[in-house]
Amino acid sequence: MSELLLDIRNLRLSFFTPAGEVKALNDVSLKLEEGDVLGIVGESGSGKSVTAYSIMGLTVHPGRIIGGTIDFNSHNITEMTEADMRMMRGNEVSIIFQDPMTSLNPVYTIGNQIREVIMLHTDKNKAQANERAIELMELVGINEPIKRLKQYPHELSGGMRQRVMIAIALACEPKLLIADEPTTALDVTIQAQILELMIELKNKLGMSIIMITHDLGIVANMCKKIAVMYGGKVVEYGTTEDIFYNPRHEYTKGLLRSIPKLNDKEHKKLIPIEGTPVDMLNPPAGCPFAPRCESCMKICISKMPEYVDVAEGHYSACWLIQKEAFEQGGETNE
Amino acid sequence: MGKYVIKRVLLAAVTLWLVATITFALMNLVPGGPFLSEKTPSEATLKALNEKYGLDQPLIVQYKNYMQKAIQGDFGPSLKQRGRMVKQIITTGFKVSARVGGLSILIAALIGVPLGSVAALNRGKWIDNVIIVFTTSGIAVPSFVVSTVLMLVFSIMLGWLPTYGLSSPLHYIMPVAALALYPTSYIARLMRSSMLEVLGQDYMRTAKAKGLSQFAILFKHALRNAILPIITYLGPLIAYTLTGSFVVEKIFTIPGLGSDFISSIINRDYTLIMGTTIFLAFLLITMNLVVDIAYKIVDPRIKLK
Amino acid sequence: MTDKKKPLSFQLDVSDFLPAEQEEKQSLVVMRKSVSFWKDGLRRFSRNTIAMISLVAIILIMIFAFVVPYFYPYSYEQQIRGSENLAPMQYSQQELELKENGESVFPHILGTDSLGRDTMIRLMMGSRVSLLVGIVASILVLLIGSTYGAIAGYFGGKVDLIMMRLVDIIYTVPDILIIILLMVTLKYPLQELAYSSPAFEWINTVGVGLICIFIVFALLYWVGMARIVRSQILSLKEQEFVTAARALGASHGRIIRKHLLTNCMGTLIVTTTLQIPSSIFTESFLSFIGIGVAAPMPSLGSMASTAIDGIVSYPYRLLAPAIMISLIILSFNLIGDGLRDAFDPKLKN
Chain A
88 MSELLLDIRN LRLSFFTPAG EVKALNDVSL KLEEGDVLGI VGESGSGKSV
138 TAYSIMGLTV HPGRIIGGTI DFNSHNITEM TEADMRMMRG NEVSIIFQDP
188 MTSLNPVYTI GNQIREVIML HTDKNKAQAN ERAIELMELV GINEPIKRLK
238 QYPHELSGGM RQRVMIAIAL ACEPKLLIAD EPTTALDVTI QAQILELMIE
288 LKNKLGMSII MITHDLGIVA NMCKKIAVMY GGKVVEYGTT EDIFYNPRHE
338 YTKGLLRSIP KLNDKEHKKL IPIEGTPVDM LNPPAGCPFA PRCESCMKIC
388 ISKMPEYVDV AEGHYSACWL IQKEAFEQGG ETNE
Chain B
10 MGKYVIKRVL LAAVTLWLVA TITFALMNLV PGGPFLSEKT PSEATLKALN
60 EKYGLDQPLI VQYKNYMQKA IQGDFGPSLK QRGRMVKQII TTGFKVSARV
110 GGLSILIAAL IGVPLGSVAA LNRGKWIDNV IIVFTTSGIA VPSFVVSTVL
160 MLVFSIMLGW LPTYGLSSPL HYIMPVAALA LYPTSYIARL MRSSMLEVLG
210 QDYMRTAKAK GLSQFAILFK HALRNAILPI ITYLGPLIAY TLTGSFVVEK
260 IFTIPGLGSD FISSIINRDY TLIMGTTIFL AFLLITMNLV VDIAYKIVDP
310 RIKLK
Chain C
4 MTDKKKPLSF QLDVSDFLPA EQEEKQSLVV MRKSVSFWKD GLRRFSRNTI
54 AMISLVAIIL IMIFAFVVPY FYPYSYEQQI RGSENLAPMQ YSQQELELKE
104 NGESVFPHIL GTDSLGRDTM IRLMMGSRVS LLVGIVASIL VLLIGSTYGA
154 IAGYFGGKVD LIMMRLVDII YTVPDILIII LLMVTLKYPL QELAYSSPAF
204 EWINTVGVGL ICIFIVFALL YWVGMARIVR SQILSLKEQE FVTAARALGA
254 SHGRIIRKHL LTNCMGTLIV TTTLQIPSSI FTESFLSFIG IGVAAPMPSL
304 GSMASTAIDG IVSYPYRLLA PAIMISLIIL SFNLIGDGLR DAFDPKLKN
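Listed in order, the protein sequences are those of chains A, B and C.
Going by the working numbering, the first residue of the first sequence is number 88, and it counts up by one from there.
Going by the working numbering, the first residue of the second sequence is number 10, and it counts up by one from there.
Going by the working numbering, the first residue of the third sequence is number 4, and it counts up by one from there.
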């Protein structure tokens with residue numbers, strides 16, 4: 088059994104906007120073991136990016152963590168000082184952002200931006216940092232690294248820029264790499280290349296990865312565990328097999344129905360999930376998915392479902408699971 | 010890039026030629042010519058004067074002669090300041106104006122940039138509001154109001170500062186302050202919105218995710234990006250400062266180009282009007298050109314072809 | 004994992020598991036009322052306290068400048084003998100005598116100038132000139148600039164290239180120099196025109212100075228507006244509703260007026276509002292250096308200019324026009340900023 092690297096418990100985070108409190112995260116709990124790849128899946132506004140940013144201490148104003156703990160490497164991040172957080176960022180935990188076109192500073196060279204993080208967290212001088220930068224660029228598959236060092240971001244393609252972002256993230260050999268939709272802004276062919284690169288790097292370097300995406304195809308390829316988020320909650324958590332072959336939450340089922348399968352014999356119609364995401368300013372008292380759920384029951388609207396273990400390491404929060412148990416006789420009633 | 014520079018230089022040359030031609034045409038449009046407004050000189054004197062200044066020749070010849078000389082910086086003699094050449098007046102006046110104006114813009118940049126940055130970093134807090142109020146008033150108050158009120162308070166009521174001339178450093182305080190208020194406020198407002206935009210950029214998040222200190226994030230990553238657009242506004246600002254200098258120099262009796270220009274208009278000193286207009290137009294157009302090209306060079310996002 | 008994940012950890016009822024009604028589900032979906040662009044913008048604008056205060060200030064100044072003078076006992080050109088150089092609220096000897104005789108004498112609230120003219124009424128007329136210049140010049144700029152920009156943007160290609168090259172040139176012309184030159188040279192031809200034929204007598208009514216200002220502004224200040232409108236039209240004309248209108252056989256003029264210009268209304272309003280203070284600024288500057296509005300018509304700029312000569316003895320004569328001009332420009336700026344925030348947040352800088 089490998090070591091527990093990240094343990095998020097009951098994390099609650101709100102944005103205090105002039106219009107009111109937006110409850111972005113509502114009791115989020117997640118675990119990640121060393122060397123594992125965790126996929127966080129959900130649509131825009133489900134809280135997946137906010138979760139990732141809170142691990143890095145990147146929560147932006149007016150957002151504030153109002154409850155819960157984040158243990159990284161047995162240190163509670165929520166209680167760390169800003170100086171300690173800085174030591175950790177880019178060093179032990181790194182992040183790759185969604186849009187490589189805007190994530191690099193346009194007025195500095197690629198070399199400058201890679202060197203910056205190396206020189207910040209190690210005692211390498213400029214020449215040594217340069218060497219390391221070239222090494223990193225080779226590692227992430229950037230051709231002609233020496234020439235690229237002197238180039239500005241706008242001179243590189245989107246895929247190349249994302250490789251630079253990966254190089255920056257990997258510069259200090261982090262224990263945890265967070266990838267926040269790293270391929271969403273890229274062309275499909277480039278997407279595949281970047282994903283391949285990430286799998287390759289993971290095997291080579293052995294760090295843990297949190298992969299945030301709305302694309303179930305990506306997590307199926309890369310991840311061992313999957314957390315499905317909806318309305319600021321983890322609605323289902325399990326291994327990739329659990330989620331794909333035995334989904335228990337209606338939202339997970341809906342997600343799976345909405346992606347095309349190549350191995351389907353007959354041409355099944357894709358079924359989109361109807362409706363719009365919840366209004367986080369006035370979250371419903373019950374299950375956040377209730378208004379869009381086809382099997383919505385009376386209780387779903389009034390009460391928040393609790394987590395139910397459906398198998399070892401596979402849990403979900405859906406009243407339907409409890410309904411089944413209830414109909415089977417309710418002998419587990421305590 | 011080369012193509013851009015050539016295009017801009019050509020445009021500037023055409024504009025300058027246009028301004029010179031318009032000036033020449035307008036000056037000759039004035040009914041009766043330049044000498045009529047004087048105490049009706051006798052027929053003979055008028056003829057002699059016209060001959061002396063070459064005004065008896067056909068207009069097109071006058072235009073050709075004037076343009077030829079103007080290119081060499083020779084704008085002929087002043088009509089009202091006997092014995093002085095326009096070029097001479099411009100050179101002396103410009104030295105004074107450039108000192109006051111340059112100082113004002115320098116001070117404006119040195120105060121405006123930090124002011125705008127501080128406001129942006131404290132968005133919505135009281136200090137931001139104070140700066141907004143100050144800068145909004147700063148661009149609303151015309152320079153003649155600032156100058157006269159400064160003079161009223163600091164010279165007449167308090168007696169701290171001298172009212173006219175430029176004979177000591179103390180003399181510079183009020184004119185420079187009056188001239189700098191507008192550009193300071195303008196730069197601060199621009200800097201605030203530019204900084205706010207930069208602070209919201211993705212690369213600022215990247216910088217934070219690298220573990221950089223707040224100081225490094227601001228000074229290395231934010232400031233450089235935020236300050237770039239300010240450069241493009243230096244051109245128009247120089248023009249504004251020039252406009253301001255007309256009144257500020259008049260109020261504080263500073264012997265600069267601005268007061269020369271105004272008095273030449275009031276005295277109807279046509280050669281001086283033409284000379285100053287062309288010179289100032291040349292100055293402004295060149296400044297705009299230099300600023301625009303400098304921006305393209307400084308900003309690496311613009312591809313150098 | 005934890006003990007909280009036990010099924011049926013509390014009492015449940017069968018009825019709880021009945022399918023929910025559609026209405027119940029709907030009640031959870033908070034529908035925000037959709038509001039039109041104008042309503043939304045106006046709502047945001049009216050919530051902007053600073054902009055609303057400025058709007059009230061401008062309305063008050065307008066009443067002060069356009070309405071109050073009709074009820075005011077003095078006129079701006081009336082020189083009251085013996086009442087020269089009065090301080091605020093001071094009465095001259097003869098006025099005091101009149102008062103003793105039981106006649107009512109309206110006080111000189113801001114005193115009188117060296118010619119015995121009431122400063123208050125001159126301040127009103129000066130404000131009127133400023134507002135008039137600002138608003139008329141901005142409307143001229145709006146009309147010329149938007150027409151020019153719309154035509155250039157709509158037709159594109161060579162038309163656009165030639166039209167915009169002209170704009171580029173005018174844009175680089177140092178406007179203040181040309182304005183001063185034109186003001187100096189236009190004055191005499193205009194005056195002659197006014198005297199030569201009765202058809203042009205209105206020139207004298209409006210004043211040569213004012214007309215000069217309008218001509219000059221109309222000639223030079225429209226280029227900024229033209230640029231903004233052109234770039235908006237360029238992006239708008241690619242959109243489907245324009246293609247649709249074209250397919251339905253609408254004429255160019257109709258497409259420009261009905262479909263394109265209405266869609267950049269927000270920008271037009273904001274740019275025009277922000278043009279007002281800048282025109283007022285220029286007018287007061289010109290009057291201050293002595294080539295703006297001609298005497299005896301007062302202007303805030305010329306009032307300030309004459310006040311400088313007597314600044315030691317009569318400082319209040321300077322302060323009144325100085326405060327008024329700053330207040331007018333500031334209010335228009337703030338209204339413009341408020342409108343921009345409400346209707347056109349993209350337009351910032």
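Any given hint might turn out to be false.
Computed list of lysine-lysine pairs in BS3-like fashion (alpha-carbon distance at most 27 angstroms, straight line) [claimed, not checked]:
id, chain 1, residue 1, chain 2, residue 2
1, C, K190, B, K89
2, B, K12, A, K237
3, B, K78, A, K237
4, B, K305, A, K237
5, B, K89, B, K78
6, B, K56, C, K42
7, B, K229, B, K12
8, B, K12, C, K161
9, B, K56, A, K211
10, A, K118, A, K390
11, A, K262, A, K213
12, B, K56, A, K213
13, A, K289, A, K311
14, A, K340, A, K385
15, A, K234, B, K229
16, C, K190, B, K16
17, B, K305, A, K234
18, B, K305, B, K16
19, A, K291, A, K262
20, A, K311, A, K211
21, A, K262, A, K340
Here are a few chain B residues that sit away from chain A, every Cβ distance over 10 angstroms (derived from the structure) [as the list claims (entries may be wrong)]:
id, residue
22, T215
23, G220
24, L237
Hint data in this document are derived by calculation from the structure and do not stem from the laboratory.
Note that CB positions come from ideal geometry on N, CA and C, so glycine has one too.
Right, here's what the structure says about each hint:
no.	hint	in the structure
1	C/K190 with B/K89	holds, 21 angstroms
2	B/K12 with A/K237	holds, 24 angstroms
3	B/K78 with A/K237	violated, 49 angstroms
4	B/K305 with A/K237	holds, 18 angstroms
5	B/K89 with B/K78	holds, 20 angstroms
6	B/K56 with C/K42	violated, 70 angstroms
7	B/K229 with B/K12	violated, 32 angstroms
8	B/K12 with C/K161	holds, 20 angstroms
9	B/K56 with A/K211	violated, 85 angstroms
10	A/K118 with A/K390	holds, 26 angstroms
11	A/K262 with A/K213	holds, 24 angstroms
12	B/K56 with A/K213	violated, 79 angstroms
13	A/K289 with A/K311	holds, 13 angstroms
14	A/K340 with A/K385	holds, 20 angstroms
15	A/K234 with B/K229	holds, 23 angstroms
16	C/K190 with B/K16	violated, 37 angstroms
17	B/K305 with A/K234	holds, 23 angstroms
18	B/K305 with B/K16	holds, 14 angstroms
19	A/K291 with A/K262	holds, 13 angstroms
20	A/K311 with A/K211	violated, 36 angstroms
21	A/K262 with A/K340	violated, 33 angstroms
22	T215	violated, 5 angstroms
23	G220	violated, 4 angstroms
24	L237	violated, 7 angstroms
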